[in-house]
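Take a look at the letters that make up each chain.
Protein chains: 2
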Amino acid sequence: MQPIQSVSWSPDGEALRILDQRELPAREVVRDLVGVDEIADAIRTLAIRGAPAIGVGAAIGLAAAIARASHGDGGTARRLLPGFAAQLAGTRPTAVNLSWAMNRMLACAHSTGDDRLLDALRAEATAIADEDAVMCRRIGEHGVSLLSDGMRVLTHCNAGALATSGIGTALAPVYVALERGMHVHVYASETRPLRQGARLTAWELARAGVQVTIIPDSAAAALMSAGEVELVIVGADRIARNGDTANKIGTYAHAISAQRHGIPFHVAAPWSTIDAGTPDGRGIVVEHRAADELGEVPAGAAVWNPAFDVTPVSLVTSFITDRGIHEARGAAGPELFTS
Amino acid sequence: MQPIQSVSWSPDGEALRILDQRELPAREVVRDLVGVDEIADAIRTLAIRGAPAIGVGAAIGLAAAIARASHGDGGTARRLLPGFAAQLAGTRPTAVNLSWAMNRMLACAHSTGDDRLLDALRAEATAIADEDAVMCRRIGEHGVSLLSDGMRVLTHCNAGALATSGIGTALAPVYVALERGMHVHVYASETRPLRQGARLTAWELARAGVQVTIIPDSAAAALMSAGEVELVIVGADRIARNGDTANKIGTYAHAISAQRHGIPFHVAAPWSTIDAGTPDGRGIVVEHRAADELGEVPAGAAVWNPAFDVTPVSLVTSFITDRGIHEARGAAGPELFTS
Chain Y
1 MQPIQSVSWS PDGEALRILD QRELPAREVV RDLVGVDEIA DAIRTLAIRG APAIGVGAAI
61 GLAAAIARAS HGDGGTARRL LPGFAAQLAG TRPTAVNLSW AMNRMLACAH STGDDRLLDA
121 LRAEATAIAD EDAVMCRRIG EHGVSLLSDG MRVLTHCNAG ALATSGIGTA LAPVYVALER
181 GMHVHVYASE TRPLRQGARL TAWELARAGV QVTIIPDSAA AALMSAGEVE LVIVGADRIA
241 RNGDTANKIG TYAHAISAQR HGIPFHVAAP WSTIDAGTPD GRGIVVEHRA ADELGEVPAG
301 AAVWNPAFDV TPVSLVTSFI TDRGIHEARG AAGPELFTS
Chain C
340 MQPIQSVSWS PDGEALRILD QRELPAREVV RDLVGVDEIA DAIRTLAIRG APAIGVGAAI
400 GLAAAIARAS HGDGGTARRL LPGFAAQLAG TRPTAVNLSW AMNRMLACAH STGDDRLLDA
460 LRAEATAIAD EDAVMCRRIG EHGVSLLSDG MRVLTHCNAG ALATSGIGTA LAPVYVALER
520 GMHVHVYASE TRPLRQGARL TAWELARAGV QVTIIPDSAA AALMSAGEVE LVIVGADRIA
580 RNGDTANKIG TYAHAISAQR HGIPFHVAAP WSTIDAGTPD GRGIVVEHRA ADELGEVPAG
640 AAVWNPAFDV TPVSLVTSFI TDRGIHEARG AAGPELFTS
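One line per chain: the protein sequences are Y and C, in this order. Heads up, the first sequence is in my numbering, so the first residue is 1 and it goes up one at a time. Heads up, the second sequence is in my numbering, so the first residue is 340 and it goes up one at a time.
Warning: the hint list may mix true and false statements.
Going by beta-carbon spacing under 8 angstroms, a handful of chain Y positions derived as facing chain C [said to hold, decoys possible]:
no.	residue
1	ALA202
2	ILE215
3	ALA220
4	ILE249
5	ALA299
6	TRP304
Simulated from the structure, these hints should not be mistaken for laboratory data. Bear in mind that the values here come from a model prediction, so they are computed numbers and not experimental data. Ideal Cβ placement from N, Cα and C applies to all residues, glycine included.
When you get a sec, could you build the whole thing from the sequences and use the hints?
This is the structure we're talking about:
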């Protein structure tokens with residue numbers, strides 16, 4: 001079975017089609033959205049999540065919503081565009097891909113006449129989706145060289161098909177391996193507090209026919225000690241110029257344990273994740289999330305709930321990008337990524 | 340405020356009084372139990388949990404249930420005793436303290452005449468509870484020497500007052516510090532899947548006036564990297580002769596991270612936790628628990644849910660026992676514990 005499609009055009013080309021991630025893993029609910037309010041709501045409430053998927057979903061959603069609301073009139077579409085784009089961009093203000101996608105759509109409109117505007121927006125949204133899918137596939141094709149039949153791989157959080165418009169980033173090599181007839185056994189760590197590993201990674205892999213086992217985050221070190229992990233692949237939210245990598249909280253602990261057990265630790269991400277403006281991990285600001293994500297808290301107790309942590313490049317074996325595999329371990333200087 | 344009492348005699352001396360841990364942290368529910376069925380049920384459903392507390396609770400419960408059911412008649416009591424003890428021992432077959440406590444009660448009965456039997460059982464149960472509380476206090480008084488005012492301490496799971504009839508094991512030094520006017524800030528890792536850290540440790544510490552912050556298990560390494568942890572103290576389920584320590588899943592990951600960050604890692608446990616029959620960690624069998632503890636699992640996905648892991652003695656700084664503090668790091672030979 002093919003990996004699922006988290007965001008796409010509806011078959012009639014009139015709406016944004018999403019797989020509602022709020023309903024997973026209990027129910028596989030597909031929704032076609034065409035109103036800007038319902039699209040904004042889907043992003044805000046995590047029906048669509050994963051930075052690349054949010055950007056793609058907002059771009060397709062913007063094109064679909066403008067076409068419907070303008071009744072096909074280019075002048076009306078141009079008047080509606082800035083407000084619709086700002087509404088969608090405001091739903092997740094920290095998601096870089098989202099504002100990037102909205103700016104790209106606005107730039108497209110700026111260079112197009114009213115008569116061709118709706119077609120141009122539609123084509124630009126499709127291009128954003130297609131480029132994302134191509135990037136995923138390239139990561140998968142480079143990364144599959146690190147896998148072998150029967151290999152046991154640990155991943156964290158969800159950097160799969162649900163987080164992109166393609167076959168994911170960290171999971172892309174696993175899907176390409178599957179296409180080539182290789183059987184990879186994936187261990188998905190639960191990823192507290194929101195359980196993206198248990199809810200989403202396990203769901204999409206099992207659905208695609210990949211053998212997957214959920215573990216508590218705290219069990220990864222014991223699993224490695226038992227000799228059950230041969231490779232770790234995780235995604236990335238931001239990579240500093242020296243290779244220090246911000247990713248979902250818990251990634252750093254997995255990297256420390258992997259080093260202790262001599263297990264290769266790979267980061268899979270599009271080249272665009274490398275932040276040339278940040279020299280090293282000290283410059284990455286860690287976002288903190290609400291206490292109630294952790295569930296019921298006793299009166300008088302506080303909660304420390306960071307969204308991600310920073311894994312130093314010294315713990316990373318390689319970066320699997322759409323441009324190829326970049327060795328990291330033993331990187332000599334501060335400028336791992338200079339181009 | 341004093342630490343809570345998880346198991347004790349009821350004030351009238353007729354029943355087992357428990358603080359129902361199923362209701363925590365939402366409600367503080369005290370129950371007086373006197374029927375053997377309801378006592379067995381309380382242990383089986385984790386209203387009483389923590390190996391020392393289970394042993395104490397079963398001993399007091401046995402004495403109370405026998406007194407009630409025999410209407411004070413020694414001969415009847417003796418006839419009922421083996422069945423009641425077996426019923427309680429069978430509730431948690433792997434809990435060593437439970438069978439140990441039941442055997443001790445049976446041995447007491449064996450050496451006592453019918454006329455004094457009920458008083459002897461009552462006295463023996465009280466002795467088991469008192470010895471446990473004394474053991475906790477000794478651990479606390481030895482361990483407090485490792486703490487200082489304002490210190491930030493990480494612990495895992497619940498090895499506190501709720502798990503014993505006294506002030507706990509890993510938390511005992513914190514309570515003694517509090518008595519002496521020192522303010523220790525405890526970070527309690529959540530402890531998936533059953534959340535004993537977030538539900539129980541945070542609750543009992545906050546109630547006693549200790550500053551406590553809950554973190555996801557996966558955030559401990561990031562917390563250490565941020566310089567927020569000066570000391571780690573955990574309990575132990577079993578300690579091999581060489582010092583390898585079985586404790587709640589996640590302990591090993593914390594120990595690996597502590598070593599990387601140069602943070603002392605201490606194990607607090609009664610001397611009776613040392614298993615002289617097990618030379619090292621390889622001999623400790625890891626119990627696996629039900630998949631559904633982790634919550635909803637997607638169709639087709641498996642779950643790996645071990646109850647504990649084994650931390651090698653090389654990662655342990657010292658053992659805080661009722662007999663004193665035993666240095667571990669740099670232990671030269673396989674026989675750390677020979678007496």
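Results of checking the hints against the structure:
1. ALA202: holds, 4 angstroms
2. ILE215: holds, 5 angstroms
3. ALA220: holds, 7 angstroms
4. ILE249: At about 5 angstroms, which falls below the 8 angstroms cut-off, the nearest Cβ of chain C leaves the hint on Y:ILE249 intact, so it holds.
5. ALA299: holds, 6 angstroms
6. TRP304: Hint on Y:TRP304: holds, closest Cβ of chain C at ~5 angstroms, below 8 angstroms.
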